[in-house]
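First to last, the sequence lines map onto chains A and B.
Here this note's numbering is used: the first residue of the first sequence is 1, the next is one more, and so on.
Here this note's numbering is used: the first residue of the second sequence is 1001, the next is one more, and so on.
Hint data in this document are derived by calculation from the structure and do not stem from the laboratory.
Heads up, a few of these hints could be off.
Residues on chain B that point at chain A, a partial pick, calculated with CB under 7 Å [stated by the list, open to error]:
1. Gly1121
2. Gly1124
3. Leu1169
4. Gly1178
With a cut-off of at most 25 Å between alpha-carbon atoms, the simulated SDA-like pairs for lysine to any residue come out as follows [to be verified]:
5. A:Lys281 - B:Gly1178
6. A:Lys281 - B:Leu1200
7. A:Lys207 - A:Gly30
8. A:Lys281 - B:Leu1199
9. A:Lys281 - B:Gly1025
Even for Gly, the Cβ is constructed at its ideal location relative to N, Cα and C.
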Amino acid sequence: MIGLYLALGQLQAPVQFVLGLAAFLAAVTGTLEVTAGRWPRPRFEEISARLVTWWVLLAVFAGAVVLWPPGLILFALVMSLWGLREFFAMMPYRMADRRIYALAFLAVGFQYLWVALDWYGMFIIFVPLYCLLLVAQQVTFLEQPQGAFATLGRVQLGLLWVVFCLSHAAYLLVLPGGGPSSEGLGLLCFVVVITELGDVGQYVFGKVFGRTRVLPVVSPNKTLAGVFGGVLVSVGLAVWWGPWLTPLSTGMSAWMGVLIGLGGFVGDAAMSGLKRELGVKDTSAALPGHGGVLDRIDSLLFTAPLFFHVVRYVHY
Amino acid sequence: MFRAWLFTWLVRPLLTVWCGFRVVGAAHLPRTGPALVVANHQSHLDIVSVLCAFDRTARRRVYAAAAADVFFRGPVRAFLTRLLFGARPVERDGEGDLDQRLAPVRRVLERGGIVVLFPEGTRGDPRVAQPFRRGGLAYLCSHMDDLAVVPVYLAGPERAMPRGTWLPLPSPIEVRVGPALPPSAPDDVALTAQHAVSLLAHPPGPAPEVRHAAS
């Protein structure tokens, strides 16, 4: 880790990249401020709140990239814990299950420990297998069969969806092997930033051109034009950044753009569907203008593992 | 003041990170006394949450009315509850008259303090609202003309740290503050306050199609 810190000089591309992002965000913020008079007031307030949140998120992310890359594992850990808290808070709750929830939060720490240790075998099997067995044992030994298997479902789904999926983003950091590396940092930046900007692209294209609804019942705001726009933005950015930040070729980068664009759409829609069933609008109010942490990372929960496994299969 | 410092720099940040602590309607919180903050009571986190909801300057004036038989049993415990929560003892079921049992609370109110009171008297079963006890509220309101009574609903502490547990789990906590109660006959204050708190728990109007998760 100290070696990595000293090797700051090698982190050129990702550092340049996050600085470029900050410049981009500054340009967007400046444009918004200059044209403030032309926006309807509530809309302006909403976009401002979103931008402030983006600044905070970028500051934490970029701070970690520049100063201490292993901090990104910690950042992902905190996002997982917050996301899991929001996930459980949406669901009905049995008082008796308190210990199982405590174990679930404890398991988050272990999952990221495997990431930090670069222990791939454990990382990939821990949540889907060992956590399942442990939670099943726990709900059984509570001796309260009424609702026991609903609890098993809720806890295990939360661990898989929010923790296991997101931890793939963190694992990109150590994917090339031998601890956190500049190359891993590039992969991580690539998937996180393209997923988020693909989201923005989908939102903007949907607002401007959107007509046909893709999933009118589950997620009525998603339009065909939005999805195409999101994929377009993702592919464009992927082709631009892939050869620079990652070992991917240009052609492969384009395909990764498609994968991230579509994966992000499905991830977003899947979380919307769950929220709709539970009658929840935002998962919390943690991020002003965005809703909860889960609302922000829902697309990343799908894109990170997809991207991770393709890249791992092809390159490592 | 140690307590104000502790809550500003340690407890509230911890509660924010761990439990997503959040205050709705903070503007309604009294900034000067004499004022009573009445809230529902289900967890030991309740008083912590209410103290966190105040800002630093107001928090110096906030005191908690605590059951003498539990929190003032033994000198160490009494010292700690005084130090950490600014607790003032209330004899819940004492034989003496209210004058005597509420004297410590009345003293801080008369000095311009803000007192947090849980009129349910004890931590009830979660999600089952206990009736507000009338005696204390009626006594305080009839003896102090300018006493503001502010209703607060605490959503989440009963889930983060239910009765019988000592470690808060990550689970959202929301403090909902309502406007001070309109003046009413001292005997009706408990009922009015209970109504105001339950309105904060279940806002009126048509049931919304969607609700926020932090409840």
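Right, here's what the structure says about each hint:
no.	hint	result
1	Gly1121	22 Å, violated
2	Gly1124	14 Å, violated
3	Leu1169	6 Å, holds
4	Gly1178	19 Å, violated
5	A:Lys281 - B:Gly1178	23 Å, holds
6	A:Lys281 - B:Leu1200	19 Å, holds
7	A:Lys207 - A:Gly30	22 Å, holds
8	A:Lys281 - B:Leu1199	21 Å, holds
9	A:Lys281 - B:Gly1025	20 Å, holds
In terms of the numbered hints stated before, the structure departs from hints 1, 2 and 4, listed from lowest to highest.
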